[in-house]
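Taken in order, these protein sequences are the chains called P and W.
Residue numbering for the first sequence follows the UniProt record's numbering, beginning at 1 and increasing consecutively.
Residue numbering for the second sequence follows the UniProt record's numbering, beginning at 1 and increasing consecutively.
Copies of the same chain look alike in the list, so a pair counts if it works inside one copy or between any two.
In silico PhoX-like links for lysine-lysine, alpha-carbon gap of 25 Å or less:
no. : residue 1 : residue 2
1   : Lys-292   : Lys-141
2   : Lys-292   : Lys-89
3   : Lys-288   : Lys-89
4   : Lys-127   : Lys-141
5   : Lys-141   : Lys-89
6   : Lys-111   : Lys-127
Hints are computed from structural coordinates only; laboratory data are not their basis.
Quick caveat: nothing in here was measured; it's all calculated off a predicted structure.
There are 2 protein chains.
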Amino acid sequence: MSGPTTPGYAFRTLATSGAARAGLLTTPHGEVETPTFMPVGTQGSVKTMSPDEVAATGARIVLGNTYHLWLRPGPDVVAELGGLHGFTKWPHAMLTDSGGFQAFSLADRRKTDEDGFVFRSHLDGSKKVLTPEVAMQVQGKIGADIAMQLDICPPGDASRADFEAACARTTRWARRCLAAKRADQAVFGIVQGGTDPALRKAHAEELAAMPFDGLALGGFSVGEPIQRMHEVLVEVAPTLDPERPRYLMGVGTPYDLVRAIGAGVDMFDCVLPTRNARNGQALTRTGKVVIKQARYRTDPSPLDPTCTCPTCAAGYSRAYLRHLFLAGEILVLRLFTAHNLHLYGTLVREAREAILAGRYEAFARDWLAGLEAGSQAAT
Amino acid sequence: MSGPTTPGYAFRTLATSGAARAGLLTTPHGEVETPTFMPVGTQGSVKTMSPDEVAATGARIVLGNTYHLWLRPGPDVVAELGGLHGFTKWPHAMLTDSGGFQAFSLADRRKTDEDGFVFRSHLDGSKKVLTPEVAMQVQGKIGADIAMQLDICPPGDASRADFEAACARTTRWARRCLAAKRADQAVFGIVQGGTDPALRKAHAEELAAMPFDGLALGGFSVGEPIQRMHEVLVEVAPTLDPERPRYLMGVGTPYDLVRAIGAGVDMFDCVLPTRNARNGQALTRTGKVVIKQARYRTDPSPLDPTCTCPTCAAGYSRAYLRHLFLAGEILVLRLFTAHNLHLYGTLVREAREAILAGRYEAFARDWLAGLEAGSQAAT
Chain P
1 MSGPTTPGYA
11 FRTLATSGAA
21 RAGLLTTPHG
31 EVETPTFMPV
41 GTQGSVKTMS
51 PDEVAATGAR
61 IVLGNTYHLW
71 LRPGPDVVAE
81 LGGLHGFTKW
91 PHAMLTDSGG
101 FQAFSLADRR
111 KTDEDGFVFR
121 SHLDGSKKVL
131 TPEVAMQVQG
141 KIGADIAMQL
151 DICPPGDASR
161 ADFEAACART
171 TRWARRCLAA
181 KRADQAVFGI
191 VQGGTDPALR
201 KAHAEELAAM
211 PFDGLALGGF
221 SVGEPIQRMH
231 EVLVEVAPTL
241 DPERPRYLMG
251 VGTPYDLVRA
261 IGAGVDMFDC
271 VLPTRNARNG
281 QALTRTGKVV
291 IKQARYRTDP
301 SPLDPTCTCP
311 TCAAGYSRAY
321 LRHLFLAGEI
331 LVLRLFTAHN
341 LHLYGTLVRE
351 AREAILAGRY
361 EAFARDWLAG
371 LEAGSQAAT
Chain W
1 MSGPTTPGYA
11 FRTLATSGAA
21 RAGLLTTPHG
31 EVETPTFMPV
41 GTQGSVKTMS
51 PDEVAATGAR
61 IVLGNTYHLW
71 LRPGPDVVAE
81 LGGLHGFTKW
91 PHAMLTDSGG
101 FQAFSLADRR
111 KTDEDGFVFR
121 SHLDGSKKVL
131 TPEVAMQVQG
141 KIGADIAMQL
151 DICPPGDASR
161 ADFEAACART
171 TRWARRCLAA
181 KRADQAVFGI
191 VQGGTDPALR
201 KAHAEELAAM
211 PFDGLALGGF
221 SVGEPIQRMH
231 EVLVEVAPTL
241 DPERPRYLMG
251 VGTPYDLVRA
261 IGAGVDMFDC
271 VLPTRNARNG
281 QALTRTGKVV
291 IKQARYRTDP
301 SPLDPTCTCP
311 TCAAGYSRAY
321 LRHLFLAGEI
331 LVLRLFTAHN
341 LHLYGTLVRE
351 AREAILAGRY
361 EAFARDWLAG
371 LEAGSQAAT
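Please model the complete structure; the sequences and the hints are all you need to start from.
Below, the structure is given as structure tokens:
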């Protein structure tokens with residue numbers, strides 16, 4: 001067991017409260033206070049937002065999708081323009097996924113074997129081969145601070161044998177990724193194992209024996225019941241090497257973050273706040289505002305009177321936001337995205353303060369009660 | 001002849017240079033330095049932009065479209081939310097058109113007679129009647145600082161008889177609009193007459209005899225040769241009452257603005273900078289950048305190295321902007337809109353400085369030479 005091994009990276013835990021941890025992740029592009037939420041910048045842009053606006057939500061690390069950037073504009077173009085930092089002008093830390101998840105879910109005619117994935121681009125049908133070595137090479141050119149190993153992520157209803165095989169192959173690919181990685185780029189290993197705590201723990205031990213800079217929990221939120229995910233997280237997350245950051249991939253709702261932080265998770269990413277924003281859903285501490293609803297037609301109040309995000313602070317009424325949404329105006333997509341990411345930024349910041357103050361349990365109880373009240377009030 | 005007559009409004013000319021004028025338009029929502037360009041906020045939003053960003057381009061007055069706001073969300077909703085200022089949070093001056101132009105160009109099954117327009121909404125097919133009185137009533141509820149009279153705007157290739165009839169009816173509607181206007185809302189009259197300078201001048205005299213707060217030139221850029229428009233402007237614009245602001249409706253390119261300011265026009269609006277932005281065209285002093293072109297694939301330079309707009313100042317490369325555009329990312333629509341409106345804001349600011357310094361002719365020569373060089377360089 002050991003912390004990050006790549007030069008320029010460090011992680012330390014400043015405080016714990018139950019299993020929850022407040023930490024500090026050091027990268028070549030600055031420090032990231034944990035727990036942290038990474039907004040998703042699929043194609044080199046957190047959709048609708050400028051880098052300044054993303055940073056204003058509190059985010060100090062964003063996620064880029066290797067699959068998308070690989071296909072367009074291509075890793076060589078990104079590298080020529082100074083890597084993803086120079087290309088997008090995001091000055092803080094960045095992480096890229098391996099491309100495997102999208103190659104599996106988006107691409108046409110995909111095939112998997114021991115060597116990697118073969119698939120057809122969803123853009124132009126061209127044949128692509130994604131091996132652990134290619135995943136490291138492409139991520140190396142894209143040049144985020146943190147790369148992810150290539151892994152096998154079975155669906156939530158896969159068989160026991162499939163989950164075991166996925167763990168075994170993911171471990172073999174882990175070794176190949178570490179052998180192929182850029183010396184100055186951090187890489188996280190990805191723990192699989194579905195909803196079997198024993199399988200998860202065994203796989204986590206295998207990966208923890210390798211010089212990964214962090215450990216991720218993949219294969220959650222892929223169709224299994226969400227309460228089952230949280231039961232497994234409570235058992236598994238606290239057993240992950242405490243010297244390294246713990247990243248729960250692709251999760252989740254504010255509810256999920258509060259629960260998973262309580263289980264000891266440090267990092268999250270999810271398209272939910274940005275995607276729901278573009279669908280006209282504003283998230284608040286007390287539930288959702290679905291702005292197209294007729295009841296907001298002349299509602300003069302902001303999305304959330306207690307919120308300090310730019311959208312609420314500017315005083316835009318629900319009536320105006322509804323009008324913009326129904327009229328198809330781009331401005332509302334920005335205003336909702338800023339609002340939703342601000343909520344996530346606020347959640348992780350307040351969670352961190354609660355952990356530092358040793359009162360995470362009370363924090364979680366309050367947040368969950370607010371979210372619960374909101375979901376009961378919603379019609 | 002007299003200046004604005006509505007309380008709270010004033011206009012004065014500070015300097016002239018040839019026929020060009022530098023002035024100051026006072027409204028209840030602040031002063032507007034002229035010449036000025038009004039970004040178009042069709043549906044209560046300058047597309048993609050926040051009010052702060054619009055103001056950062058130098059704009060201190062924007063235009064709203066009565067036709068669109070009338071149909072959705074409706075003038076009563078806008079009024080209930082505090083008028084267009086309270087609804088949109090734009091703190092500076094605003095002008096609305098009468099709705100007549102869109103009722104004519106967008107609506108289904110339109111009919112025109114002496115009373116006004118009858119048309120079907122392009123949104124839901126509902127029957128609408130737009131008379132001079134309704135135009136004033138709807139604009140009164142929307143509550144911009146400046147309303148426009150309802151007018152008749154024939155196409156560029158209409159007959160002499162059509163142009164004469166349009167002037168006559170526009171004059172009759174002018175009286176009805178002034179009789180129906182809100183006492184505290186300024187109204188501009190609209191001069192028609194096609195490309196016949198004599199007809200234009202005669203119509204302008206009729207309208208100038210009425211207590212309008214400003215005089216607009218409508219019916220340009222409706223299909224006539226653009227050089228003919230400028231020939232007519234040179235003859236007509238300087239003859240409009242010098243005590244009142246002169247507004248050239250729906251025009252135009254940077255070239256058009258430089259020429260028309262030279263003819264004595266004070267105010268402009270046009271969708272060109274915002275619409276072209278969303279089509280991936282950046283306007284510069286030396287022509288266009290059509291960002292989808294392959295030659296920008298790895299181009300590290302900004303849209304315009306001499307530009308100080310937020311897009312160019314942030315250092316976004318043409319390569320990145322091209323990637324965003326091809327990927328359909330909303331961010332690039334914002335970045336181009338900010339850039340293009342900044343160019344218009346810069347143009348009118350520099351024009352004003354040149355007029356105040358008594359050197360408009362040299363300013364115009366330089367700008368036109370730059371634009372000309374750019375259009376020759378474009379392939």
